[in-house]
Structure formats: C-alpha cells, structure tokens
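Protein chains: 2
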Amino acid sequence: MSHEMLTDLYEFSMANGYYQTLPHDKQASFDVFYRNAPDEDSFVLSAGLMQIIEEVKNWHFTKEDIDYLRALNKFSDEFLTFLKDAKNKCTINAMTEGTPLLPREPILTISGPLIEVQLLETLVLNIFNHQSLIATKAWQITHAAQGRAVMEFGARRAQGPDAATYGARAAVIGGCTSTSNVLAGQKFNIPVAGTMAHAWIESFPDELTAFKAWAKIYPDTASLLVDTYDVVKSGVPNAIKVFQELKAQGHRPLSIRIDSGDITRLAKKARQMFDDAGLSEVKITASNALDAHIVKSLLNEEAPIDNFGIGERLITSSSSPVLSGVYKMSALENKGQWVPKIKISNSREKITLPGNKQVYRLYSRNDPKHAFADIIALADEKLRDKITAIDSDVHATNDVVTLTDFTARPLLHQVLAGQKAAPIETDTFAIQKYAKEQIAELPKETKRLVNPDHYPVYLTKKLADLQKKLIAEYK
Amino acid sequence: MSHEMLTDLYEFSMANGYYQTLPHDKQASFDVFYRNAPDEDSFVLSAGLMQIIEEVKNWHFTKEDIDYLRALNKFSDEFLTFLKDAKNKCTINAMTEGTPLLPREPILTISGPLIEVQLLETLVLNIFNHQSLIATKAWQITHAAQGRAVMEFGARRAQGPDAATYGARAAVIGGCTSTSNVLAGQKFNIPVAGTMAHAWIESFPDELTAFKAWAKIYPDTASLLVDTYDVVKSGVPNAIKVFQELKAQGHRPLSIRIDSGDITRLAKKARQMFDDAGLSEVKITASNALDAHIVKSLLNEEAPIDNFGIGERLITSSSSPVLSGVYKMSALENKGQWVPKIKISNSREKITLPGNKQVYRLYSRNDPKHAFADIIALADEKLRDKITAIDSDVHATNDVVTLTDFTARPLLHQVLAGQKAAPIETDTFAIQKYAKEQIAELPKETKRLVNPDHYPVYLTKKLADLQKKLIAEYK
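Note that the protein sequences, when read in sequence, are chains P and G.
Residues in the first sequence are numbered from 345 upward in steps of one, following this note's numbering.
Residues in the second sequence are numbered from 345 upward in steps of one, following this note's numbering.
Some hints here could point you the wrong way.
The list treats identical chains as one, so a pair stands whether inside a single copy or across any two.
[Claimed, not checked] Computed cross-link-like contacts, DSS-like style, restricted to lysine-lysine with a CA-CA straight-line distance of at most 27 angstroms:
no.	residue 1	residue 2
1	K556	K370
2	K780	K560
3	K401	K531
4	K612	K694
5	K612	K687
6	K428	K819
7	K780	K640
8	K777	K685
9	K679	K813
Derived by calculation from the structure, the hints in this document are not laboratory data.
Since this is a predicted model, take the numbers as computed values, not measurements.
Please build the complete structure, drawing on both the sequences and the hints.
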C-alpha cells in the first residue's frame, strides 16, 4: 500500500500555491535531520530508508485521490491535472539504514521540483521518525543485554498494525534477534519466536498436564511459561518433570519463560533447581515490561537470564516516544542556479545549515576502525588533508579546531532518481550487522546508557561561513 | 488491508496445540479490559471497534500465508488445512466506540472456537490499545481547551502511517475538530485543516510577498504563519497589511498561527495589534509541542487563543504512550456447558473476573442524566431493584454496598456473529457526539486533569462469589 495521501493538508495548499505562483519546475533541496536524540542517547540509529524509497519511487495519485482533493474546493483544476499525471522526479541522497546519525546531520537530502518535494515531507518524516526511534531504542536495550538474545514481543501494545510490523523490522536493525509478530517475520524474513500464554495452561485441568501436552507437540522447541500459579513451587518443578521425560526420549529441553514476580530472585532459584536436576542446558527467558535500564539492573544483580522478551517499552519507545526529525529547505533553484537557503530562529540551535551538503565520518589515520568525529561540508567541497572546522554544537566555547591525520568517509549516497532506485541492502540482518560495525567504530564513552559523551560534529569553515553570511543578510 | 498475520507466534503455536489436543470446536470466551488508565485519568475512552469488526469479519488466510506458516516447520498439516479454509465463527459483544470505560470492565467479549479466539488476540489488542489510547489523550486535551477547536496535527511524528491515520480518527472521537492528515480526512470523512509551513515564506524574497501570494490564492481561507522571522516586529504587522487589503476587497480575514516563542505573551500582543487595527475577527491558532497541561496553563494565563493545533503529544500520547489492555479467558466450554475460568495471580488486582459478563452503567432514578457507578454482572443475571454490590477496587475497605433507586443501562451489545455484523455507528462525528454525551453523564470530579476522583465500579454479589469460589478451588 502506498501513502501519497498521508500528507498534511498544508503541503497540498503550498504545492497548489507554488503551482500558481512559481515556475512549475522550480527546483528545491530539503534536508531531513533531528536536533535531539530520544532518551539521553548521543546518536540515533537510522532506519526507514527502504520504505521511504518504495513510497517515493511509486508516488502517484489515483482518480479517487484527485476526486477527493477536488471536493475540498481549495485547489485549482490545473494543479489537480498536474497531480493526476505526476510521477516522482525527485532525487534522494541518504545514509544507509543502520548508520549512527548525529544531531543536525542530514540523514537524507531530497532534491526535485519544489511542488513534489513539498508533498513528500509528511510521509518521509513519518517513516524516518518512527523507524529510527524504534531502531535506536532497540540498540539501547540490546546494548544493555550484553550479547544475550533480545526478542521483540510488543505487537499487542504497538501504536497500530504498521507500528507493530515496521517497528519489529526496526527493532531487528537495532539488534533484536527475532520478533513474535508473524506478519513482520513473513514480510521481512525475520525469525519468529515465542513460548505460550497463560491461556494455554488454563485450558487444561492443571499445569503439568498443560506442559506435557505442549512437550508432546513441540518436543524439540518446548519453551514453558512457568509463572501461571507459582514459579518455584509449581512451574519449575513441573518443567523439570517434563524436560527430564523429553531428555529420556532423546529430545532437547529448551527453555522456560518468567513473566512476573521478582525476576532476579526467581531466575536464580530456577537456575539452581534446573542445575540440581541435571538440566543445565535449559535456558531462562525473562519478559514483563522490561527496558534498557531494567535489563542492565538485572544483569548487574547477576540474574542468570539467557534471553529477554521485550514488549511495549521497545515497540513504542515508551520512555521517549517521539523522534522529532524535521524537513527543512536547504537550497532553492533560481534561473538554473542553486541559491542556499536558511531558516532563521531566535534560538541559535534552530538555525538551519544552508546549501546542498555531504556528511563525512572521520577516522584516525593510525586507527582506521576508530571514528572520532563527523564533519558536515558543502556538497561541492573537497576535504583537504588539514582542515579548519567549527563545532556544530552551539554551546561549544572552543569552537574552532584544526583536523589532520584522518581519513574521511562520505555517508550520503544517491539511492533514488525519479523511478530509478540504486540497489540498497534490504536484508534485515545484513543491515543489523552493518549497524553493529558502525556503532563499534564510535568511541565507547558515547555509548553509555546514562550521560553519554558528546560525539563531535563539525562544520567545514566554508559551510560555517555561508551560514554566517546568510544570517547577516537577514539582519 | 487485513492483518490476520499480525499475530504473535505463540498464538499460532497454541492454536496448533489446541487443534491436536482438544475438540476442534471447543468454545471459549475472552474479555478485553485494562487495569490502569494512561496518565492519571479515571477512565479510557473506547475506540477501535470499527476496525476490529472489519478485521474479524473478513479474517482469513491466503495461500501465501499458509505457505509461510508451513515453512516454519512448526505446525501440523491438518492444522494448516484447517486454517486455509477458516472463516470467522466468533461472536463479539462490545461497547460502542466513544464509551468511557473503567478499569476491569470488559470493553469487548469474544466467544467462539478456542482456536480462532486465540488467533485474534494480538490484532484485537493492538487496535483497541492504540485507538483507545489516542481517543483518551484527545479527550484530555479537548477538555483542557474548554470548547476551543483542537486540530490534530501529528502525522509526521506518529509511529508509522496507520498510527497517523487511525490515530487521527481516534483523536476526532476524543473531541478534535479536524486533522491535518489528508488520508485520514479522505478515509474517515473528517475535515482537513492547516495553514502553511515556514518553507512557503522562505520560497519568496520576503514575508510580506509570501503572505500576499498566499492571500491571492486563498482569499477567504488565508491562515498566516507569523513566526518565521519575528512575530511582533514582522509577522503580525505583515498579516495586518494583508488582511486589511483582503477586507477592502470584500474577503474575510481568517487567522494567524504562532508556532514558537512564548505563546501567551505573543498571542496577547498579536490580539491587541489586530484589535487596534480593526481586525478583531482574526483568530489566533497556537501550535508547537502542546499537551493538555500546557493548553490549560495558557488558558489560565488568559492567552487569547481561539484554536489549538496539537501534534506529537497527541498522536503518540507521549506522556503515557501505552494502554495495556489485556485479553483474558473468562469461560471455556466443556461438553456443551460453559465453565467459568479465572487467572490467579499473587497480586489481587491481577486476578481476573470469571464467566461471561455484562457491564451496566447505573443512573440515579431522580437524575437520569447522572451516572454514579458501573456494575459488572454475570451475563445471565437479572439486576434487581435493590442489589448488594462489591467494590471492584481491591484497595477499597468499605467494599460491600447496597444500591437502590437506579436505572441500569447495559453497555455490551452484540456487534458481530460470524460473517454477520450488526449495524454500528461509523460516522466519526456521530461517535464524537456520543462520546461527549457519555462523558457529560460522569461526575465532574472524575474528569479532573490531575488527581481525578475514582468512579466506582462494582461487582454483583453473584460475580464476586463466583470469583471467591474459583480462588478457593485453586488453593
């Protein structure tokens, strides 16, 4: 399903206005970026590009759409006729999904006829904001889980079907190993996982009968939910009986899940009981309203948990449920020439970066796997070996630095031009792998769950000077 | 699009297990309810039923779905063949959309073959949890706005396309007057609204030229964004010029929007400037990260705001982004008889209410527009004129009361049986009107934004006794 109509009315109002006021092919460039990461993170993990490309590539309006727009009595017939035949003419440069993205850096730049670029704003932001938010939260949680498997279990608490499904994909990009959501599994080739609900146990006269029935059907993948009645007195002893029978029959006991009570205490007790029963291979999964901080605290207490199942706090990023990515004009074409544009604000932080730009990740020449800063440059600039750079953090006092002995990697690549999409990675786990490698390159201090260090983002002198010049012109 | 596959894997695992273990037509009843309202609300405004009925009525699996499930190597061929031909056989009783719903009350009960009822859990919860969450948040905000128009502006920050679109509908159910989301307008016949973005202003050499161009295109619906450069020095003076010209041409000046800065101070100043210029008809719209508490605070300060545009904090319910509705078995059929079922927990609050149930709203006989309590009864119970009732709040000390002089209105009605849906209200504004009437019936004290009074929910003695009996049996 495509979502051309998922567009704020004012985009149509402006597009209709541009159509009547400006040359129809007047070109514009916009940047997508954010100013503050969710929670206290130092970066955002980018996600959503695959869907953005699909949507923009296939962008078109149906007859029903045009009829609906006409009935609003706001738009000229000429504009509606133009829309009826419109196909994407825009070009998108973007960072690969799974790239750690810093504040103010364009994750995506879009150039094309102003009318069309304006009409894509709402949809592009909706997809980028949602998926990057969940990928970032998943990164936080899997980082806290220190290598243990994290399963995405949030479908029932997600904000609608798309949030559950694209959210599950973003969660895997951020590091999750599987999802409970079968639609996401089917759509994105992600392993699906799960155990049983309390309802299974309640459908049988007692817990042991319920466990035995399950083990008979799933002898090699039996994961038993042990907290319906009492984890220590009933759930684990019954699980031990069933697992020992399975083992005697040559099957492999798998795991239990604990979904309530004091997880540390119950997991330690269960671990001991399984070990004493000769079932040290049985894994323990914990679920129930977990988040990065709770996962970290459980592991600090040495709770013997092998896997985590994370629901609502992952799939809604409930501690910080909005990523406020914005879409700002960076350049406007005038008689065939790009004119850099700026958005002025009373708040220095909100002043935009003018012009068509590129973002480079800078690596130390001695340690090419160690990224130490990013720099935003004008797209037509060549980075020299030694550059004067200005800290993009408006609060920085020592804001001019000289950078040498680095290699620079450009992060923005063309991914779409009109109907022509460049090949991008669409395998969810390949993107996850890329994300892990990219995150590994960042300094350790920037990855703390609480109070992470600032990762420097510089502007080239040329870009900073252009910004200053445009600010001065407005004054 | 239908979403049968938006189902946690364990639902399929259990359904396959039931298929192999129990009679295929074994009937079960489940309740959907919540325990705690988002934020500090005393109730949840129910929404989502329209989509739930559509999904359940058309529930079926495609050949591709079956092929995918087969490839998971978890399910028996017999079960997959059963799924291939399955159509909905369940019956749903539910509260009308827009009904204020109290903790522990079933908003929806679903009865049918256990296998099918189990497979619907994830999807039903996803839809109910999301849409009721947003309707409730919209109620909070529109309540705080005291009759002023509230426009839903959140599409770009919603958690995906569905969240934006079904969220906009839920926002109107909760009291919003319009949405910026054109897709939601088209799909649900909701008025669409909006002004212009800063990009419009930036596309012209100066603000006045941009305003004039807009007014020429939209002479009778011109709403001008006045904060691109400076609200007081530039935006409002330019708007005055343009509105005075429009007025001289016989058009009707509409409104301005302020999206940054101190809204109270700027709105007061703008109001005074328009009034001094003889433009008292110009309305002022405020936007920029508003929520119920900020709206209330602006109005307490007598900010002269006529309309609010509310984005991310409404469309994600960011202060409380999860409604934790659950789906719990209430009865299981055994040889043609319904057997009430209970879920035991160490926490008294988490023990479920057994049996097939009905919820009644109780009105004072002297004041039939005043609801004073709800009571949950067994479905086959008749309410007498004088009843002994038990407070469902497990923290209540004085928990047995006698109720007399009331009229009782049942809240659960059959809305779907197999392929046959009963007619329900689908007009979004008719549902909004119903919601307003229902909320008006509740005591004023239960509607406070902060620290609302508890609205009593009782259990009939028969239901409370059944619960006690089942708890005793488990011990």
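When Cα atoms must be at most 27 angstroms apart, do K780 and K640 count as within-copy, between-copy, both, or neither? within (19 angstroms within a copy, 45 angstroms between copies)
Is the C-alpha distance from K777 to K685 at most 27 angstroms within one copy, between copies, in both cases, or in neither? neither (37 angstroms within a copy, 46 angstroms between copies)
Up to 27 angstroms CA-CA - K560 versus K780, copy category: neither (39 angstroms within a copy, 53 angstroms between copies)
Up to 27 angstroms CA-CA - K813 versus K679, copy category: within (22 angstroms within a copy, 83 angstroms between copies)
27 angstroms Cα threshold - placement of K370 relative to K556: For K556 and K370, only the inter-copy Cα distance (20 angstroms) is at most 27 angstroms; the intra-copy one is 70 angstroms.
Identical-chain pair category, K612 with K694, by Cα at 27 angstroms: For K612 and K694, the Cα distance is within 27 angstroms only across copies (24 angstroms; inside one copy 50 angstroms).
How would you label the pair K612, K687 (within, between, both, or neither) given a Cα cut-off of 27 angstroms? between (57 angstroms within a copy, 25 angstroms between copies)
Which holds for K428 with K819 at a C-alpha limit of 27 angstroms: within a copy, between copies, both or neither? Intra 42 angstroms, inter 69 angstroms, cutoff 27 angstroms: neither.
For the identical chains here, do K401 and K531 meet the 27 angstroms Cα criterion within one copy, between copies, both, or neither? both (19 angstroms within a copy, 23 angstroms between copies)
This entry does not satisfy hints 2, 6 and 8, going by the numbered hints stated previously.
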